[in-house]
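**Student:** One-letter residues, chain by chain:
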Amino acid sequence: MNSAGVAKDPPRGFLRNYLFSTNHKVVGLQYFFLSLFAVVVGMALSWIMRIHVAWSDAGIPGFQSIFGMNAPGGVLTPEYYLSLLTLHGTIMIFFVLTTAPQNAFGSYFLPLQIGAEETAFPILNMLSFWTTLVALCVLLSTLFVGDGPPISGWTSYPPLSAVGSDAGPGLGTGQNLWLISLGIFCIGAMMSALNFIVTFVDMRCEGMTLTRVPLTCWSWFVTAILILLSFGVLLAAAILLLLDRNAGTSFFVPANLLVSGKIEPHAGGSPLLWQHLFWFFGHPEVYIAILPGFGIVSHLIACFARKPILGYKVILGCMLAIGFLSFVVWGHHMFVSGMNPFSGFLFSIPTIIISLPSTIVTLLWLGTLWGGRLHFSTAMMFCLGFISTFITGGLSGILLAHPAIDSYLHATYFVVGHFHMVMGVSAIFAIFAATYFWFPKMFGRMMSERLGALHFGLTFIGVYCIFLPMHVMGMQGSPRRYAMLTDDFLQSTVAMHQFITIAAIAAGAVQFVFLFNLFWSMFKGKEASANPWNATSLEWLVRSPAPLISFAGELPVIRYGPYEYGDSTEEQDFVMQSDPERRQE
Amino acid sequence: MGVRFPMGKFFSAVVAVIALASVGLFFSRHWIPAPAAQHAPILDSQLHWTLIDAGVIFLIAQFVLAAFVWKFRADPERKTKVFPAGVRIAVIIAVVFIGVELFSAATLGRRAWASMYDGSASNSLQVEAMGQQFAYYFRYPGADGKFGPVHTDKIDASIGNYFGLDRADDMASKDDIVSAELVLPENRPIDLFLTAQDVIHSFYVRELRVQQDMVPGMRIPVHFTPTKVGRYEAVCTQLCGLGHYRMRAYVRVVPEAEFETWMRAHAR
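Which chain is which? The protein sequence lines are A and B, in order.
The numbering used here applies: residue -6 is where the first sequence begins, and numbers increase by one.
The numbering used here applies: residue 18 is where the second sequence begins, and numbers increase by one.
By construction, these hints were calculated from the structure, which means they are not laboratory data.
Be aware that a few hints might be false.
Capping the alpha-carbon separation at 25 Å, the derived lysine-lysine pairs in DSS-like fashion look like this [said to hold, decoys possible]:
id	chain 1	residue 1	chain 2	residue 2
1	B	K98	B	K26
2	A	K306	B	K98
3	B	K26	B	K88
4	B	K171	B	K191
5	B	K191	B	K163
6	B	K171	A	K255
Incomplete in silico selection of chain B near chain A, CB under 10 Å [claimed, not checked]:
id	residue
7	Q63
8	D70
9	S121
10	G126
11	M231
12	E250
13	G260
Since this is a predicted model, take the numbers as computed values, not measurements.
Just so it is clear, CB atoms sit at the ideal spot from N, CA and C, and this is done for glycine as well.
Throw the hints in and build the complete structure from the sequences for me.
**Tutor:** Listed below in structure tokens is the structure:
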């Protein structure tokens, strides 16, 4: 029925095979390397910011030669600090946390895991990657134009972001390019989401009923729906803000603004409208980053605990509930925005309720570990790290869900610590787990487990050293997004900032172990068998690395659920989803 | 699979140490500055209880994780076991935990949040605060109790007309007092009206437990009663441009008599 499900001869030539390829595995790898590049840039930016915050009056050797007039005497200017901060947030949120778990691993493994030869719209898949790459190039181009990247942060609240260079450096060309980049990214993300949804619904092979689909695929499916519904709103908001900036409209700018001694020619707009639109996207975005992690962790701990996942249908229900609820909690970003306090109270209720499904899933993971035969591969370690950091970040979120408490902690380092713990660390841990787990399938070789153990151990300790102290700094009232610590009451936090910076540099340096392991193993790693982890899902049916044509015309027929571990009396303790029917015992 | 290094035990030990260390760090001293406003104790008590509640759950969850990882490492002699009634227990624990949170939000939380929006009292002092890149200015209505109208085109920092008052033509503006420092009497309710001239700013005074964005085009009221004499920093917490980090003002809470003296000295 599906023409895309029928194997075709692979196109010939390097360009069609590896560059402008419509093959879902190639597109997945392209996304993977795009995110890898982006995360290295994003991390480098965070190093620079951390060093600057901790030693803001000391000239840092090398800064002047790298940043020129943006760091006279080796001290970053406050505006350049904010430029880097904007870039760090934008790159990490969009080009790492949205693309890596969803597009990189989803493009590669969604069709494989549901037994499809291709995605539903291969050309759309290719197009979405190239669109995303253009968006990244446009974003990075802000470093080289006018007075640099915008200084308005990744949330870019108007009027700051709406009135052009009057309000500060980077808010002219830089801000325009930032909005264009975001708009292009939205289009790419929506195209790929559409493709994922149709692929999931329409391309499952025979016997792959909805309750036999691996939880990874469910998480990519739910995430794709969130992307489709939320990025459209962000795209609209970005277009409206571009119009405010360049076409004289006033969606977000009220009358009588006096910016740098000039009365702005706008009237009638509402700054809060942007915040509503932005966070209507922004909160689902949090779950766009973390839900694929839910899928990956559920999938992997079943495999490495050699047990069926506890409560498959409940986890699935929780993911759907989270997806739905994520659209009705956006106001919790706006408790102190000037929104009616009744709305604030109203938004706090679903915010607390959304932690119910998250709590259930976490407990089910713990229940899956109980009584298992745990294999501590690096992939498993990152899953366990995910659970630990998710507990930590989730619980600090409970504090912020209460409007009165948030009114004290809002915009402090407590919030920075909280969202980095969940969106930063947990989501990145899921990406690491997925990388170590699927590397043999993607590249045909095993990553070094020894280096992997080193990478995990030091990273795990490092992230807690970085982000836990931020919570207490927030309790003490340290505002975020400060280029320097000049306030009297912030002087007591300088030592803690320096500790965090040292931890960040150390934990960042450990990532080079990962990069080395990744590239070294690609060429020198031990050759991988088809199913090195004794896993059950369909991607392990094909040889490693996965051939361009996965199933060569013979699509598998599914007879088992995705987590049939440990209940076999024979030598192997698992049943692959497409294994022949077992004898009656 | 796995390496010789006892990864599971290492992980369990690290998780346990981190859990204890973080709880120790949080409760090692009182990080929050002493409160100086009437509604602050209610807010502090909600923060306090939620912190304890989250801290207990945090410790239990991290230790359960550590214990399971410690105990259930792969052993060829042992078969896997299924957690008895696992799903039901997980759902019950989660419902109870979130139920407690919802209950606390509906009681303690609602009271704390409402205490910040009590509305104005009959004897309250009205003050206007205006944020601009990168300073705050404050305005008292003067003897007539009325704020004069703002004319954006008349704003001129060089002659100290930060609000754009027309003292020659507007009756209500004549006696308005403008100050770069917010001076407040102790134990008297304050209605602070927040506005902004250019971009969004925020008004955050830790000791007063007040944080509220200042949005251009809006006039947002904040009500509180300072209860402790002292000098506090008001800082901007909404990214407002390159000088965001140095945007601040001082709030000076003084005894009523001293406040009257200050008002008389600045009266026009």
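**Student:** For which of the previously enumerated hints does the structure constitute a violation, in increasing order of number?
**Tutor:** Result: no hint breaks.
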